[in-house]
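Number of protein chains: 4
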Amino acid sequence: MTSFEAVADQLDHLAVEVPSWAYGNSGTRFKVFGSPGTPRTVEEKIADAAAVHRFTGLAPTVALHIPWDLVDDFGKLKAYADDQGVALGTINSNTFQDDDYKLGSLTHADPKIRQKAVDHNLACIDVMDQTGSRDLKIWLADGTNYPGQGDIRARQDWLAEGLRTIYDRLGGDQRMVLEYKFFEPAFYHTDVPDWGTSYAHVSALGPKAFVCLDTGHHAPGTNIEFIVAQLLRLGRLGSFDFNSRFYADDDLIVGAADPFQLFRILVEVVRGGGYGEGSQTALMLDQCHNIEKKIPGQIRSVLNVQEMLTRALLLDTAALDAARTDGDVLLANEIYMDAFYTDVRRDLAGWREQRGLPADPMRAFLASGYQDDIEAARVGGTQAGWN
Amino acid sequence: MTSFEAVADQLDHLAVEVPSWAYGNSGTRFKVFGSPGTPRTVEEKIADAAAVHRFTGLAPTVALHIPWDLVDDFGKLKAYADDQGVALGTINSNTFQDDDYKLGSLTHADPKIRQKAVDHNLACIDVMDQTGSRDLKIWLADGTNYPGQGDIRARQDWLAEGLRTIYDRLGGDQRMVLEYKFFEPAFYHTDVPDWGTSYAHVSALGPKAFVCLDTGHHAPGTNIEFIVAQLLRLGRLGSFDFNSRFYADDDLIVGAADPFQLFRILVEVVRGGGYGEGSQTALMLDQCHNIEKKIPGQIRSVLNVQEMLTRALLLDTAALDAARTDGDVLLANEIYMDAFYTDVRRDLAGWREQRGLPADPMRAFLASGYQDDIEAARVGGTQAGWN
Amino acid sequence: MTSFEAVADQLDHLAVEVPSWAYGNSGTRFKVFGSPGTPRTVEEKIADAAAVHRFTGLAPTVALHIPWDLVDDFGKLKAYADDQGVALGTINSNTFQDDDYKLGSLTHADPKIRQKAVDHNLACIDVMDQTGSRDLKIWLADGTNYPGQGDIRARQDWLAEGLRTIYDRLGGDQRMVLEYKFFEPAFYHTDVPDWGTSYAHVSALGPKAFVCLDTGHHAPGTNIEFIVAQLLRLGRLGSFDFNSRFYADDDLIVGAADPFQLFRILVEVVRGGGYGEGSQTALMLDQCHNIEKKIPGQIRSVLNVQEMLTRALLLDTAALDAARTDGDVLLANEIYMDAFYTDVRRDLAGWREQRGLPADPMRAFLASGYQDDIEAARVGGTQAGWN
Amino acid sequence: MTSFEAVADQLDHLAVEVPSWAYGNSGTRFKVFGSPGTPRTVEEKIADAAAVHRFTGLAPTVALHIPWDLVDDFGKLKAYADDQGVALGTINSNTFQDDDYKLGSLTHADPKIRQKAVDHNLACIDVMDQTGSRDLKIWLADGTNYPGQGDIRARQDWLAEGLRTIYDRLGGDQRMVLEYKFFEPAFYHTDVPDWGTSYAHVSALGPKAFVCLDTGHHAPGTNIEFIVAQLLRLGRLGSFDFNSRFYADDDLIVGAADPFQLFRILVEVVRGGGYGEGSQTALMLDQCHNIEKKIPGQIRSVLNVQEMLTRALLLDTAALDAARTDGDVLLANEIYMDAFYTDVRRDLAGWREQRGLPADPMRAFLASGYQDDIEAARVGGTQAGWN
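Order-wise, the sequence lines are chains A, B, C and D. When the count follows the UniProt record's numbering, it moves up by one through the first sequence with no breaks and lands on 387 for the last residue. When the count follows the UniProt record's numbering, it moves up by one through the second sequence with no breaks and lands on 387 for the last residue. When the count follows the UniProt record's numbering, it moves up by one through the third sequence with no breaks and lands on 387 for the last residue. When the count follows the UniProt record's numbering, it moves up by one through the fourth sequence with no breaks and lands on 387 for the last residue.
For the record, the hints were derived by calculation from the structure and aren't laboratory data. Be aware that a few hints might be false.
Said to hold, decoys possible - In silico DSS-like pairs for lysine-lysine, Cα to Cα no more than 25 Å straight-line:
| hint | chain 1 | residue 1 | chain 2 | residue 2 |
| --- | --- | --- | --- | --- |
| 1 | A | Lys102 | B | Lys293 |
| 2 | A | Lys112 | B | Lys31 |
| 3 | C | Lys31 | D | Lys31 |
| 4 | D | Lys293 | D | Lys31 |
| 5 | D | Lys112 | D | Lys102 |
| 6 | B | Lys112 | A | Lys293 |
To be verified - Here are the simulated distance ranges between beta carbons:
| hint | chain 1 | residue 1 | chain 2 | residue 2 | range |
| --- | --- | --- | --- | --- | --- |
| 7 | A | Gln354 | D | Arg355 | 34 to 44 Å |
| 8 | B | Gln10 | C | Asp98 | 22 to 32 Å |
| 9 | A | Ser3 | D | Pro36 | 32 to 42 Å |
| 10 | D | Arg355 | B | Gln280 | 32 to 42 Å |
| 11 | C | Gly235 | A | Gly206 | 13 to 23 Å |
Just so we're clear, the structure is a prediction, and the values are computed from it rather than from any experiment. Virtual Cβ for every residue (Gly too), placed ideally from N, Cα, C.
Input sequences plus hints: build the corresponding full structure.
As structure tokens, this is what we get:
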């Protein structure tokens, strides 16, 4: 197997974008539990994200959600983030919480609502111009709950039309990433339910449009690493939304539900050129911390990505190719599992120390007093959530 | 096939309990959309439920949720319901919205929280004493989100202990029904995830404990009519929570997603003695109307149950038995499908008219002006929802 | 709702291709049960297929599987079929039963095996030249059982290469349809697992390549009618393999498991121009009759398609569009369900009689003595199966 | 975390029963590929099983399948196994390959067929008397393919009746284990589809009846470790059939698809008293080796169980309990994952050497020449398979 030393430098490329909303409260339709220390402002969210980066060196950018993170002066917010040691990243548009969007946004039967949704996305590109963000991420809650409720076919055409207008507004280095989701909040049909639909749209739009793959947005049993390999092959894997799931879109900490799946995904990322210099693929988290502490929850998440990426890099691809060429099923699998089963935690602790980072970011954060400080300081006001 | 006339009288036994919360707002974790005319009080919910019964003759009782429907004087509420022409039904306890229940209720690691959850259920039995309700329904949100988070085994023992205390408080004619759910809001493990677990508990408790089967609470592909048949055989099918689903616990209108499945379920209900005089099985709705109008949504729901029950009663069981004895797979299936494919809507319209009900309850409700009246009257206040 | 009379003529366009292998024995890995009267030769399969057409008027063509249906003289076989009153249809290639294909065919790591698989497909086009068939259907069993076993990414490139060679050999009016399948016989990854993969390949190949949608080849919960609508929109829905499933690729009689799903699919077929003159979409069956009688099993299947297509045609699309424009969720659903719930069986019996067909094809077949005749005649020899 | 040394002795209790049929050919309905060296006789299967035990020290017993492994003199077979260094284990009855069982066995509508199936199971107990086997394992293929085909409810009663007769014939130390399966080969309903059904039957039968849990026989998403914990709590977990799956009952090498799941299962086994002295729970494999070599496939399988059991034993349960009591979700999960992520392979190699076993059983087997010998010797005859 490849040695840790041989891959240590490649680990320097790892950057995982964290979502501002992971630091606010989240929950299920049954209950959103609050917790002490939760941010009340965008700035407090960014401060928490910056803490994750300070302790791990892995999270240099923060994604924003509009209008949740709307501020009057994005230039000032950018400067604030710079001061904290992080940059502003992907801009996520939101067309699912205004009353007008009850029956759809870009796919609504009423052209006025469709225009409103287009306009919101254009406004998000205005924000990108100010924040210097590269990516506009579009996730649509659009869909229907009852058979017959909507015209599935016409909605695709409306969607294509709206995406075209938004795409044409993108600046030279800006990109659009179109996320797909199997179901929820719509329960009969979803207008962008699978990678095929997202791919059909982005390939029709042009070279600046890409697919966003959220690891929790697939049917039970779906082989996600296959989709990763396919989208990289087609040149259209724009970004990941990492999280994990046992059932639906559970939005658990990435790697928590099936660490071996995360390994398999990252093997295909590396195999297909989705990691390192020149890669077009952004790695992002999109998670909920409904019951666990949020900042250490994010730290655990980026560490999980780092640990699994390390294992993926350790894979002895030369030996693997030879076993595959020989048709030796058991040997190929053994070589593959050897990388997965290797415990890289001690090596990574050393790697961190060499780079001036705490060997154990979780313990270091807990010892730092940061959590106590924010719990003491953030009293009063309204805790941030999905609104 | 059996004629409609031959089964018309059996239809008189049909009573579908409606949930008070179906008339309030509901939604997903992404958004709860409000709508004009939504009740602000328990009384307004009961008034809406009574409207459903007036137009259909099918919904004589209303289930309450505590504390959502907590009032100072349940005797007065009972009288109000009587005046409206309906009765108060099942009492649903709620141990998932208090901050103490973040990590569990009857299965919490802390015995004080477990006691609190037990006490809440005992208080619900106090309510039953006042309302004259027969059934206490226990649905637990208990579970964990991360592997290792909780002691799965110990939690079962705690659960058994808590249920025992609650069970022992039941009055002579009162019953406990224990609902199971595959997942949500817990995403790794659920403490009562399947019928087997519910059955193991209720059979240990005694003859007044039963299983509640919610049609949306199963793994993909589960044959629900088999569970119906099995629980009826074991004498433990206490009640249904009817709704329908394509993916998770979508809580759509019963029969909307898979009408044939509803037919198959009702065939086994009839086959196993779960319908009609002497049956121990209560038929209830548990649904959300996130985007559609709520009162007509409930009317459609009870009509769907009535239409499918009619088809199930039409099944020519003698011919079916003969085909099964002959091992004639195609003929048995054809006889079965013949009942399902029969359009009973015109016959049911006539049946309704004979009983002084509107032939088309949907049209009659829409023409009645009830919706306009409540939209005009219910201005101000806080619309009811899941709180 | 639209009247039956208004759609009766449109029903004349219905033609459902039947598979030769449906008349042979089939089963599971546990057991293939034989049955009296099963064909021993291709000619006997065609004779049985012709019987299905005689009694229903719905099945004018028969699909062949090579090498299962390999004969020395396809011209003679064509003439035989003509005599029986049917035509030879789609040619299915088979690259999953030769020992060489144990680890793949068009995606095998060994270029010699890949070439062999290409050559087999070219030979199938030779057969098409003789039979006059339009479509070459490629379904691949290719995939792997263990993580790491194969190079998922490289296999896509090999697949693209092989398909290109085969595509370039197609004659002027010939087409290739590429089937996808979620899993089985491969259990970790499948090389063409979803419509997106098939679409990416066929759109790269050119205008004569299309997707084949087998209704049993999807992940649990997949909204198939959405895929139908999308592929029709993209101009790439080449054909259906109809069957039905509760769990995996159960290959049950189409419409048996979820008749409402079949309705929804056919509504989108009609909506998207997939039915009638000018349509590029072929309707085929691909089923197993493991325990039921095969010929009546096929008759039931084509009747199920006819009955559901009739309901789909009855849909009042003008009223539906109005309800959708109004955002009336319940009314749109009701209009949709009205078509589904309409019992069209009596009208179809009349329609058949007007066209000189038996009113009840199932009863007519059973009364015809055909089954008795073949059971008496087909004694000795080896019953046909999947080999 | 617990040290390896502290758990080393507990590993001595591990014994994994291997199935005789794993050494024969297996496949899918599409194709069974043969392979050189495959056994032709029961004795050759036992010899291969003994090789697995020689190289691993983990597989001291072999399960038999009747009639696949039927011999005239089981006393002689027992002596042969003894000579090879293994013992005969569980007897598996087979009521799914005789033509009479096409529509069911213990649940067949025809009492004569039910009696035949009972008699076969009684004959299997006769075999147990000769082999000294403790367990009769009953897995039923019984079920139906089409709604309406069978009387689901009556079949349960027939099943209960048949099981009672079989149970009453068990000798003093003999046990019955009843396996459940979600689906396949039946595709609409299965007569023992879930643990609840198996539990309901075995608890009605008496103290010698237990549930057999096959890890591949559940609906997608099912939390299997919960079922393990529950059945151990109820005192009814008789045995495991280990294998792994991505989709259906894929029967892959245990631990291959989701090693973390295997860990979680074994944690609950240990937690609930299912491992070690006094345990009632037998650990068995039930797998297919369709494309990989069979003997090393079995070696890999028992090693996977050993490796994951070791990790499970390493779990620091005291620290875990403390974290759970504190409600520290992230810490509890971290302690749990710490055991899973620990690479135990080097320690296990040392453990083996201390016990006179090869440090690397896979390499040792490959170097032994055993495979070459059997490929050379086993020429001619009919290779064993599922018949």
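Going down the list of hints, with the structure as the test:
1. For a cut-off of 25 Å, the pair hint linking A/Lys102 to B/Lys293 stands: about 13 Å separates their Cα positions.
2. Restraint check for A/Lys112 and B/Lys31: the C-alpha separation of about 21 Å stays at or below 25 Å, so the hint holds.
3. Annotation: proposed proximity of C/Lys31 to D/Lys31 holds, straight-line Cα distance about 13 Å (limit 25 Å).
4. For the given pair, D/Lys293 sits about 16 Å from D/Lys31 by alpha-carbon distance, which is consistent with the 25 Å threshold.
5. For the suggested pair D/Lys112 and D/Lys102, the alpha carbons sit about 14 Å apart, so the restraint of at most 25 Å is met.
6. Of the pairs offered as hints, the one joining B/Lys112 and A/Lys293 holds, with about 23 Å between alpha carbons and a cut-off of 25 Å not exceeded.
7. A C-beta distance of roughly 40 Å is found between A/Gln354 and D/Arg355, which places it inside the suggested range of 34 to 44 Å.
8. Taking the beta carbon of each, B/Gln10 and C/Asp98 are about 60 Å apart, not inside 22 to 32 Å as hinted.
9. Range check, A/Ser3 to D/Pro36: Cβ separation about 38 Å, and the 32 to 42 Å hint holds.
10. Between D/Arg355 and B/Gln280 the beta carbons are some 59 Å apart, a value that contradicts the proposed interval 32 to 42 Å.
11. Against the hinted window of 13 to 23 Å, the Cβ-Cβ separation of C/Gly235 and A/Gly206 comes to about 20 Å, which satisfies the hint.
Going down the numbered hints, you'll see the structure goes against 8, 10, while the others check out.
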